[in-house]
Amino acid sequence: MSHNIEAIVIGASAGAFTALKVILPQLPANYPLPIVIVVHLVRDQPSMLTELLQRDCRLSIKEAQDKESLAPGVVYFAPPDYHLLIENNKSLSLSSDEPVLYSRPSIDVLFETAADSFREKLLGIVLTGANSDGAKGLKRVEQLGGMVIVQDPHDADVNIMPLSAINACQNPRILNLNSIIDFLTGELIS
Amino acid sequence: MTISAYPVTEVRQNLEDFELGLLLEAIFYQYHFDFRGYSKASIKRRMTKAMEHFGCDTFSLLQNRILQECDLMPKLLTFLTVPVSELFRDPLYFRDLREKVLPHLKTYPSINVWIAGCSTGEELYSLVILFREEGLEERTTFYATDINSDSLKKAKMAIYELDRMKVFSNNYLLAGGKASLSDYYTTAYGAAKLDSSLRKQIVFSEHNLVSDADFAEMHLVTCRNVLIYFEKELQARVIKLFNQSLSRKGFLWLGSKESLLFSPHAHAFSVFLPNTKVYQKETSLEHVT
Numbered sequence: 001m002s003h004n005i006e007a008i009v010i011g012a013s014a015g016a017f018t019a020l021k022v023i024l025p026q027l028p029a030n031y032p033l034p035i036v037i038v039v040h041l042v043r044d045q046p047s048m049l050t051e052l053l054q055r056d057c058r059l060s061i062k063e064a065q066d067k068e069s070l071a072p073g074v075v076y077f078a079p080p081d082y083h084l085l086i087e088n089n090k091s092l093s094l095s096s097d098e099p100v101l102y103s104r105p106s107i108d109v110l111f112e113t114a115a116d117s118f119r120e121k122l123l124g125i126v127l128t129g130a131n132s133d134g135a136k137g138l139k140r141v142e143q144l145g146g147m148v149i150v151q152d153p154h155d156a157d158v159n160i161m162p163l164s165a166i167n168a169c170q171n172p173r174i175l176n177l178n179s180i181i182d183f184l185t186g187e188l189i190s
Numbered sequence: 001m002t003i004s005a006y007p008v009t010e011v012r013q014n015l016e017d018f019e020l021g022l023l024l025e026a027i028f029y030q031y032h033f034d035f036r037g038y039s040k041a042s043i044k045r046r047m048t049k050a051m052e053h054f055g056c057d058t059f060s061l062l063q064n065r066i067l068q069e070c071d072l073m074p075k076l077l078t079f080l081t082v083p084v085s086e087l088f089r090d091p092l093y094f095r096d097l098r099e100k101v102l103p104h105l106k107t108y109p110s111i112n113v114w115i116a117g118c119s120t121g122e123e124l125y126s127l128v129i130l131f132r133e134e135g136l137e138e139r140t141t142f143y144a145t146d147i148n149s150d151s152l153k154k155a156k157m158a159i160y161e162l163d164r165m166k167v168f169s170n171n172y173l174l175a176g177g178k179a180s181l182s183d184y185y186t187t188a189y190g191a192a193k194l195d196s197s198l199r200k201q202i203v204f205s206e207h208n209l210v211s212d213a214d215f216a217e218m219h220l221v222t223c224r225n226v227l228i229y230f231e232k233e234l235q236a237r238v239i240k241l242f243n244q245s246l247s248r249k250g251f252l253w254l255g256s257k258e259s260l261l262f263s264p265h266a267h268a269f270s271v272f273l274p275n276t277k278v279y280q281k282e283t284s285l286e287h288v289t
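In order, the protein sequences belong to chains A and B.
Take the first sequence: its position 48, counted from the start at 1, is 48 in my numbering, and no numbers get skipped.
Take the second sequence: its position 49, counted from the start at 1, is 49 in my numbering, and no numbers get skipped.
Hints in this document: simulated from the structure, not taken from any laboratory.
A couple of the hints might just be wrong.
[What the hints assert, rightly or not] Computed list of lysine-lysine pairs in BS3-like fashion (alpha-carbon distance at most 30 Å, straight line):
hint, chain 1, residue 1, chain 2, residue 2
1, B, Lys106, A, Lys67
2, B, Lys178, B, Lys106
3, B, Lys232, A, Lys67
4, B, Lys49, A, Lys67
Produce the entire structure from the sequences given, and follow the hints as far as they go.
If you want it as structure tokens, here you go:
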């Protein structure tokens, strides 16, 4: 089965680093899709996340810049203390609007704007985390015809975020990290 | 029937963006506030919030109300313009400004500072306090401008929720504050009011970066976390406006995730403090029309 997904958005909170360190190193340098990620970070601290992940990854990992265009094979992280949004022309914008669910960056903000922009050509993935950010956004992705995956709550470090996302969606695929990797490197891009 | 050949969501989405475009045109036509060059994803989120607040189901219904009820526009503006900041947001940047930029400004007999998009005044008062502690306040004029007159009113009042002061005080100390932030405010009824003497050197004015011209020669322009709300073309216009307003070797201070890197006018500035996003004017661009 082939999909015409054009972009992937991922949201995670508590346990995010460990989960991403399992997934991202498995993707090849020439991965055909852009990946945009929001993780909740301690604000006011320069994020070392991108540097730490880059060491193990063949993909290019970077902090998203305002008005930057999405490119395949690149992983973009929201900077600490800014929301990250996707524009209709497939470029990125930052905003310092008020936090959503106490979070800035907010997974919902990324997912909702990404869904508006990519509609049925978007894959949204919610991983481990300790609050309900991402549920509303993933629901929006699904409503606009996109594909939604949630990490199996039994497989997640913290299951609150996956459970909230599962509750919000009609028909999410529930997968453990290894199955997510298999899907991303197999069925999705074949 | 041919119409059913279109996926419903796609039709609705395009329609929504089309309606948003019309709404922005209507606001410009009727009230001369030009949001057409704003980043669409952000303005759409904000406008959606406003739509829900005013009980409208579509942007078109909101457009109708905005056109017919002129007292609605000021309320709508509060949804559309830049939100509150903090005193000494990015404290280490303020420390850099104190230690590396103010020594240059000290060489001028009188100093003009423009806080563009000052919102409710947090950034503004941070600068005034900084300049006072460095002995520059008396010879400085602070031009505090914003598109939103309600924000300016709040900025003039300088009253902030008490529970925000803890973060502000911490920022102040990290920024190299020489006293205690509590020296600058009094508290009552769960709020903190900044000392009115801090207003002495401030000129408040409505100003729209999208459509208005520059108005005085500045030695320092600060505009932090405003440009991210603009599309590239509008960003370029505003950078040109700042260039025009700045004196020779004047300083431009942008937000921590903003830069001139991709700006068509980057050549007119040099990078003065790369990490702190302070730029220095090198050459003059021709006047903005």
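Hints, one by one, checked against the model:
| no. | hint | in the structure |
| --- | --- | --- |
| 1 | B:Lys106 x A:Lys67 | violated, 36 Å |
| 2 | B:Lys178 x B:Lys106 | holds, 18 Å |
| 3 | B:Lys232 x A:Lys67 | holds, 7 Å |
| 4 | B:Lys49 x A:Lys67 | holds, 23 Å |
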